[in-house]
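Visitor: Residue numbers (the numbering used here), protein chains in the order written: chain A, 41 to 127; chain B, 45 to 195.
Hints are supplied without guarantee of correctness; some may be wrong.
Said to hold, decoys possible - Okay, derived cross-link-like pairs now, EDC-like style, lysine to aspartate or glutamate, Cα gap no bigger than 16 angstroms in a straight line:
1. B:Lys99 <-> B:Asp115
2. B:Lys150 <-> A:Glu51
3. B:Lys67 <-> B:Asp52
4. B:Lys145 <-> A:Glu51
5. B:Lys147 <-> A:Glu51
6. B:Lys145 <-> A:Glu103
7. A:Lys83 <-> B:Glu146
Rather than coming from a laboratory, the hints here were simulated on the basis of the structure.
Computed from a predicted structure; not experimentally measured.
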Amino acid sequence: MKIKEGYMLREIAGNFVVVPVGIASKEFNGVITLNSTGAFLWKELMNGLSITDLIDRLVATYEVEKEVAAKDVNNFVSILKGANLVE
Amino acid sequence: MNNISYKDIIEEKGMYVATPIGKSMWPMLRNRVDTVKLVKPITLKKYDVILYLRKNGQYVLHRIIKVRKNDFILSGDNQWQKEPGITQDMIIGVVDGFYRKEKYIKNNNFLYKMYYHFWTRIKFIKKFIFILKRLIKKIFRPKGKQGSSDE
Numbered sequence: 041m042k043i044k045e046g047y048m049l050r051e052i053a054g055n056f057v058v059v060p061v062g063i064a065s066k067e068f069n070g071v072i073t074l075n076s077t078g079a080f081l082w083k084e085l086m087n088g089l090s091i092t093d094l095i096d097r098l099v100a101t102y103e104v105e106k107e108v109a110a111k112d113v114n115n116f117v118s119i120l121k122g123a124n125l126v127e
Numbered sequence: 045m046n047n048i049s050y051k052d053i054i055e056e057k058g059m060y061v062a063t064p065i066g067k068s069m070w071p072m073l074r075n076r077v078d079t080v081k082l083v084k085p086i087t088l089k090k091y092d093v094i095l096y097l098r099k100n101g102q103y104v105l106h107r108i109i110k111v112r113k114n115d116f117i118l119s120g121d122n123q124w125q126k127e128p129g130i131t132q133d134m135i136i137g138v139v140d141g142f143y144r145k146e147k148y149i150k151n152n153n154f155l156y157k158m159y160y161h162f163w164t165r166i167k168f169i170k171k172f173i174f175i176l177k178r179l180i181k182k183i184f185r186p187k188g189k190q191g192s193s194d195e
């Protein structure tokens with residue numbers, strides 16, 4: 041799974057926002073605000089990663105329990121899928 | 045999304061990030077490529093780039109080229125036309141900085157200041173040269189081509 045082309049993650053004054061550029065700006069009208077965990081997951085997904093790998097990365101980086109990480113990752117991914125932001 | 049929403053976001057989050065559409069602010073902002081960070085407009089001054097809502101419902105991001113007592117005069121960096129009559133209530137946000145691809149440029153950046161001081165001056169010289177060239181072209185156009193549409 042990978043974030044679609046044309047979405048740029050920006051960090052401005054401690055805030056993480058994703059903005060569409062190029063053709064993506066014709067398809068998606070708006071901005072996405074992320075917290076630091078969301079930004080971490082977003083960056084990982086930019087390179088393409090499976091859900092299992094994503095959970096493992098989250099556990100390794102944030103030292104959370106696997107069940108909690110799995111729930112968070114699945115929630116995050118379902119939001120991305122709902123907004124048609126991943127391929 | 046209406047202007048209340050944009051204003052609300054800026055009020056609540058302290059900023060709004062957007063990808064400008066159009067070429068009127070070229071070369072500062074490229075169509076659907078660069079992004080701007082908008083903040084709440086407090087004291088606006090000449091050369092500030094602002095997002096405002098025209099009376100016809102169109103959102104516009106242009107530069108203030110003159111501050112008057114009751115309104116502002118605006119113009120795009122890639123335009124010669126001046127737009128007077130922009131009042132405080134029409135203004136949604138002011139550009140605090142912008143991304144040129146991955147590089148963030150704040151509006152107090154020295155080179156950026158150099159750019160807008162220089163560009164806003166030469167663009168009217170460019171207008172003069174453009175008109176002059178059109179005039180010369182019209183005068184010296186071969187008779188056979190009279191009336192052909194190149195405009």
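Visitor: With reference to the structure, classify each hint as holding or not holding.
Guide: Status of each hint after checking the structure:
1. B:Lys99 <-> B:Asp115: Given pair Lys99 (chain B), Asp115 (chain B) holds - Cα atoms ~14 angstroms apart, limit 16 angstroms.
2. B:Lys150 <-> A:Glu51: 13 angstroms, holds
3. B:Lys67 <-> B:Asp52: 27 angstroms, violated
4. B:Lys145 <-> A:Glu51: 13 angstroms, holds
5. B:Lys147 <-> A:Glu51: 11 angstroms, holds
6. B:Lys145 <-> A:Glu103: 33 angstroms, violated
7. A:Lys83 <-> B:Glu146: Holds, at about 14 angstroms.
Of the hints listed earlier, those the structure fails to meet are numbers 3, 6, in rising order.
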